[in-house]
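Asker: Sequence:
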Amino acid sequence: MEEEVKAGRIDTVSRVIDVSPHTLYQAFMDPDSLVQWLPPEGMRGDMSLFEPHVGGRYRLTLTFGEEQEMAGKTTENTDVSEGTFVELIPDKKIATAGMFDSDDPDFAGNMVMTWYFEEVLEGTRVTIVAENVPEGIKKDDHIDGLTSSLENLESFVETR
121 MEEEVKAGRI
131 DTVSRVIDVS
141 PHTLYQAFMD
151 PDSLVQWLPP
161 EGMRGDMSLF
171 EPHVGGRYRL
181 TLTFGEEQEM
191 AGKTTENTDV
201 SEGTFVELIP
211 DKKIATAGMF
221 DSDDPDFAGN
231 MVMTWYFEEV
241 LEGTRVTIVA
251 ENVPEGIKKD
261 DHIDGLTSSL
271 ENLESFVETR
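Counting in my numbering, the sequence shown runs from 121 upward without gaps.
To be clear, the hints were calculated from the coordinates, so they are not data collected in a lab.
Where hints are given, some of them may not hold.
Pair by pair, the computed Cβ-Cβ distance ranges are [as the list claims (entries may be wrong)]:
1) A217 x Q146: 18 to 26 Å
2) S275 x K212: 16 to 24 Å
3) E161 x S134: 31 to 39 Å
4) T279 x M219: 29 to 37 Å
Using 30 Å as the maximum straight-line C-alpha spacing, the simulated DSSO-like pairs for lysine-lysine come out as follows [claimed, not checked]:
5) K213 x K258
6) K259 x K212
7) K193 x K258
8) K193 x K259
9) K212 x K258
10) K213 x K193
11) K213 x K259
For glycine and all other residues, C-beta sits at the position ideal for the given N, C-alpha and C.
Generate coordinates for the entire structure from the input sequences, incorporating the hints supplied.
Answerer: As structure tokens, this is what we get:
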């Protein structure tokens with residue numbers, strides 16, 4: 121008997137940012153920069169492990185601010201994600217595969233996050249594709265969080 125493989129949900133967002141693909145790629149490759157812009161509004165980040173090479177690992181803790189109404193997946197106010205870098209193409213693509221540290225099976229699974237950097241006339245189109253999104257993450261909340269991260273990224277690179 122073959123085991124049924126569940127593909128999971130795919131969420132995607134995109135934004136054009138008026139800087140080069142190289143600038144955006146570098147903002148992702150530096151852990152100090154990454155924790156400044158990646159956490160969605162109302163959250164802060166801590167990168168306790170960051171090995172940016174294919175097969176390298178990462179450990180990211182996102183902490184919700186007091187004004188957040190939603191509960192964290194790992195503790196009451198945190199989400200911890202651990203994973204690996206799956207593919208790195210400088211200035212073009214970053215793919216990671218990660219899992220949330222959670223006792224709730226609705227947040228289980230290996231979510232793949234791929235960031236694409238495409239040079240366009242207006243700058244760079246950044247597209248995030250999240251595959252196998254855990255069922256416990258509401259689609260609207262996830263899209264809002266990804267969009268917030270892109271807005272933060274734009275503000276971060278344009279002030280540098």
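Asker: Which hints, by number, does the structure contradict?
Answerer: 3
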